[in-house]
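K.L.:
Converting from the sequence shown to my numbering requires adding 9 to each position, the first position being numbered 1.
Calculated directly from the structure, the hints in this document are not laboratory data. Errors might be hidden in some of the hints.
As the list claims (entries may be wrong) - Straight-line distance between alpha carbons at most 30 Å, and here's what the computed DSSO-like set of lysine-lysine pairs gives:
#	residue 1	residue 2
1	K270	K151
2	K270	K211
3	K207	K167
4	K189	K270
5	K66	K211
6	K99	K146
7	K83	K165
8	K207	K99
9	K162	K219
10	K60	K136
11	K66	K125
12	K174	K151
13	K83	K99
14	K145	K60
15	K197	K162
16	K136	K162
17	K83	K189
18	K162	K125
19	K136	K211
20	K211	K83
21	K197	K107
22	K146	K167
23	K132	K174
24	K165	K66
25	K136	K207
26	K174	K162
27	K60	K146
28	K151	K60
29	K132	K99
30	K125	K135
31	K107	K165
32	K99	K167
33	K167	K151
34	K132	K60
35	K136	K125
Stated by the list, open to error - Pair ranges (Cβ atoms, derived):
#	residue 1	residue 2	range
36	K135	G204	25 to 33 Å
37	V55	K219	54 to 62 Å
38	K135	I115	33 to 41 Å
39	K66	K135	37 to 45 Å
40	K66	Q120	25 to 33 Å
Quick caveat: nothing in here was measured; it's all calculated off a predicted structure. For every residue, glycine included, the Cβ atom is placed at its ideal position computed from N, Cα and C.
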Amino acid sequence: MIRKLIIVFILIIFAAASFLVINKPKHRLRQEDSGSSGQEIDPGAVQPANKLFDLAKRYEAENEFALSRETYQKILRLHPDYPQIQEAQKHLEDVNLKIIFSPTLITAESQYYEVKPGDTLSKIAKKFDTTVELIKKINMLKSDLIRPGMNLKIWKGKFSALVDKSLNILMLKSNEAIVKTYIVATGKNNSTPVGTFKIINKLVDPVWFKPQVGAMVPADSPENILGSRWMGFDAAGYGIHGTTEPEALGSQVTQGCVRMKNEDVEELFSFLPQGTEVTIID
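Assemble the whole structure, with the sequences as input and the hints as a guide.
P.N.:
Dropping the structure here:
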């Protein structure tokens with residue numbers, strides 16, 4: 010299962026070229042970058058995985074997130090059998106989020122937007138097909154109040170999600186590149202439908218209506234299996250939601266929906282606007 014996940018991750022790295030830093034200066038690696046000293050080395054040469062891992066972590070510690078990301082990707086692409094491959098993947102996902110949430114790092118998938126008179130966060134989010142929550146988080150805004158002349162970093166990459174039922178994982182993607190992987194639960198007896206769906210509604214602290222009986226279960230009830238967020242598909246009755254049973258994640262136990270940890274679904278909720286495509290595969 011782990012190997013399949015790494016293979017999927019590598020294939021998508023090959024297929025996508027995202028998070029590219031605009032006007033990033035070229036760097037030639039020197040021997041001190043890989044643990045020795047002195048001479049320049051060929052940046053096209055295949056370096057040992059452990060040296061790449063050390064270099065990637067050093068870049069990350071120095072807030073050189075674009076270089077760090079490229080180096081972690083190189084580990085996954087060139088050294089899929091590296092014993093610490095899962096740790097490298099986790100670091101890569103952390104760096105992906107740092108690239109998105111850094112208010113000063115502009116990439117090919119982001120830009121600054123100057124607030125104009127009459128703008129609101131909702132209008133700006135709609136203009137760029139993003140969410141108010143994401144704009145606020147990136148720019149560290151404590152409220153919805155904005156003023157003309159403010160420069161806001163906007164993430165322009167198109168988000169989507171890929172759910173793999175056999176692995177019980179959900180992959181958040183931006184322009185087809187994996188940003189982060191989440192452990193989920195899917196439908197028992199293979200009841201989660203496969204295909205590509207669109208998110209058509211989003212709810213905070215949703216009320217749950219028990220099947221058959223139709224009894225309403227309030228959001229704060231421990232019996233409300235929807236958890237803290239709901240993102241409904243254009244397939245009636247199906248969607249992505251939180252849970253009151255996080256111990257069941259990683260297995261096929263739901264009535265067909267995709268279930269996540271509450272803190273994970275809240276994070277995902279901030280990334281995905283209405284209209285986002287969610288693809289589910291066997």
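K.L.:
Each hint needs a verdict: does it hold in this structure or not?
P.N.:
Each hint, compared with the structure:
1. Using a Cα cut-off of 30 Å, the hinted pair K270 and K151 holds, with the two alpha carbons roughly 25 Å apart.
2. Between K270 and K211 the alpha-carbon distance is near 16 Å, which keeps this suggested pair within the 30 Å criterion.
3. Taking the CA atoms of K207 and K167, the gap is near 13 Å; set against the 30 Å cutoff, the hint holds.
4. With a C-alpha separation of about 14 Å, the suggested pairing of K189 with K270 holds against the 30 Å cut-off.
5. Our distance criterion of 30 Å between C-alpha atoms is broken by K66 and K211, whose separation comes to about 37 Å.
6. This hinted pair checks out: K99 and K146 have alpha carbons roughly 21 Å apart, not beyond 30 Å.
7. Distance hint between K83 and K165 is fulfilled; the C-alpha atoms sit about 25 Å from each other, no more than 30 Å.
8. Pair hint K207 plus K99 holds up; C-alpha atoms about 28 Å apart against a cutoff of 30 Å.
9. At roughly 42 Å between alpha-carbon atoms, K162 and K219 are farther apart than 30 Å, so this suggested pair is violated.
10. Pair hint K60 plus K136 does not hold up; C-alpha atoms about 43 Å apart against a cutoff of 30 Å.
11. Note on K66 and K125: the hinted pairing is violated, with a Cα-Cα distance of about 40 Å set against a maximum of 30 Å.
12. With a CA separation close to 37 Å, the supplied pair K174 and K151 exceeds the 30 Å bound.
13. Straight-line distance between C-alpha atoms of K83 and K99 comes to about 14 Å, which keeps the hinted pair within the 30 Å bound.
14. Distance restraint check for K145 and K60: the Cα-Cα separation of roughly 37 Å exceeds the 30 Å cut-off, and the hinted pair is therefore not satisfied.
15. Note on K197 and K162: the hinted pairing is violated, with a Cα-Cα distance of about 41 Å set against a maximum of 30 Å.
16. This hinted pair checks out: K136 and K162 have alpha carbons roughly 14 Å apart, not beyond 30 Å.
17. Distance hint between K83 and K189 is fulfilled; the C-alpha atoms sit about 17 Å from each other, no more than 30 Å.
18. This hinted pair checks out: K162 and K125 have alpha carbons roughly 14 Å apart, not beyond 30 Å.
19. Distance restraint check for K136 and K211: the Cα-Cα separation of roughly 18 Å lies within the 30 Å cut-off, and the hinted pair is therefore satisfied.
20. With a C-alpha separation of about 37 Å, the suggested pair K211 and K83 falls outside the 30 Å cut-off, and the hint is violated.
21. A C-alpha spacing of about 35 Å is found between K197 and K107, which places the hinted pair above 30 Å, so the restraint is violated.
22. For the given pair, K146 sits about 17 Å from K167 by alpha-carbon distance, which is consistent with the 30 Å threshold.
23. Of the supplied pair hints, the one linking K132 and K174 is violated, its CA atoms being roughly 36 Å apart against a limit of 30 Å.
24. Of the pairs offered as hints, the one joining K165 and K66 holds, with about 27 Å between alpha carbons and a cut-off of 30 Å not exceeded.
25. Restraint check for K136 and K207: satisfied, since their Cα atoms lie roughly 19 Å apart, inside the 30 Å limit.
26. For the given pair, K174 sits about 35 Å from K162 by alpha-carbon distance, which is inconsistent with the 30 Å threshold.
27. Of the supplied pair hints, the one linking K60 and K146 is violated, its CA atoms being roughly 34 Å apart against a limit of 30 Å.
28. Our distance criterion of 30 Å between C-alpha atoms is broken by K151 and K60, whose separation comes to about 41 Å.
29. For the hint pairing K132 with K99, the CA-to-CA distance comes to about 34 Å; that exceeds 30 Å, so the pair is violated.
30. With a C-alpha separation of about 15 Å, the suggested pairing of K125 with K135 holds against the 30 Å cut-off.
31. Taking the CA atoms of K107 and K165, the gap is near 16 Å; set against the 30 Å cutoff, the hint holds.
32. This hinted pair checks out: K99 and K167 have alpha carbons roughly 22 Å apart, not beyond 30 Å.
33. Only pairs whose Cα atoms come within 30 Å are accepted, and K167 paired with K151 is accepted, the gap being roughly 25 Å.
34. For the hint pairing K132 with K60, the CA-to-CA distance comes to about 47 Å; that exceeds 30 Å, so the pair is violated.
35. Straight-line distance between C-alpha atoms of K136 and K125 comes to about 13 Å, which keeps the hinted pair within the 30 Å bound.
36. At about 27 Å, the CB distance of K135 to G204 agrees with the hint of 25 to 33 Å.
37. Range check, V55 to K219: about 57 Å between beta-carbon atoms, so the 54 to 62 Å window is met.
38. For K135 paired with I115, a C-beta distance near 22 Å fails the hint of 33 to 41 Å.
39. At roughly 39 Å, the beta-carbon separation of K66 and K135 lies within the given 37 to 45 Å, and the hint holds.
40. Judged by the Cβ atoms, the range 25 to 33 Å given for K66 and Q120 holds: they are separated by roughly 29 Å.
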